[in-house]
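Going by our numbering, the residue at position 235 of the sequence shown is 262; the numbering climbs one at a time, nothing skipped.
Among the clues, some could well be false.
To be verified - So the derived label-pair ranges between C-beta atoms look like this: (1) Gly214 with Ala139: 15 to 25 Å; (2) Ala162 with Ala115: 41 to 51 Å; (3) Leu239 with Ser270: 19 to 29 Å; (4) Gln235 with Ala60: 28 to 38 Å; (5) Gly156 with Val303: 15 to 25 Å.
In case anyone wonders, no lab produced these hints; they're calculated from the structure. Note that CB positions come from ideal geometry on N, CA and C, so glycine has one too.
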Amino acid sequence: MTATLTRVDVAPAASLKRRRRAPGWLAVLPLLAFVAVAFGVPALAMLNGAFTVKNQATGATSYTTANLTDSLQGAYLTALLGSVKLSAVSALLATVLGLLLAQAVVTSRFRALREAVLTASGVLANFGGVPLAFAFVATLGNSGVLTRHLGLTDKGWSLYSFWGLVIVYLYFLIPLMVLTITPALDGLRSQWREAAQNNGATAVQYWQHVALPVLLPSLLGGFVLLFGSAFAAYATAAAMVGSSVPLVTLQIADAISGNVLVGQENVALALSLDMVLIAGLVMAVYLPLQRRSARWLA
């Protein structure tokens, strides 16, 4: 009799629990449908096109790895490596400079300064594209205001180069790093610094042995995030340097528009797949670092 009553009592409880879970899953279904349409369908189309070759004479299509092979050779490979180099250098510089700026803001006694910097960082981190390119051309271009007043052209300066792009990218990467690393800096407990000082540690030793090891996952995660942001940037480089600096995003645009060779659209899809794979590797590094950082700074 006791076992029967127990089963009777458990069954309604399990049924009630399932009913409570159902509305939560139903609420997520629209989001899952949107993700499937907005991201899944384009991803499948890109994957299919990357392995498809169309015969220009007959119009027949066949599956092959020729597009991927072409995307890793010649000018395409140069552009891919150029994007990786540009993104890595820009992300590294922005990580260091963003950390210094964020630390200065976090340790400042003026709350208004902190709020102003964080608000400006939120705006500048999303400022890019053609307006940003035009602003730098008007300031540091061949006929820019600072270029003429400081005589930068005579000193060998050129905005339309690799290092010119690095400077432009830093304009939105540094604010992004400030937004990324500020919560981690806020998570550094004052007791850690006090304990280090009580044991005779200097400020340099505190940062070397305590703060930086704790912040390292967040710093590496921020670097990965900045790398991905710079790697995917297109409009700023397209408006400013054109084809003078080889970048994979510009090569994709040229292949789609037929500026290089006619019928290279699927090579552009293969280049896009290369970018997705690199971005996937970047995210595979970023997510574990983010979880590890959260354990220390929670």
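Results of checking the hints against the structure:
1. Gly214 with Ala139: 15 to 25 Å: holds (22 Å)
2. Ala162 with Ala115: 41 to 51 Å: Given a distance of about 25 Å, which is not inside 41 to 51 Å, the answer is violated.
3. Leu239 with Ser270: 19 to 29 Å: violated (41 Å)
4. Gln235 with Ala60: 28 to 38 Å: violated (50 Å)
5. Gly156 with Val303: 15 to 25 Å: holds (22 Å)
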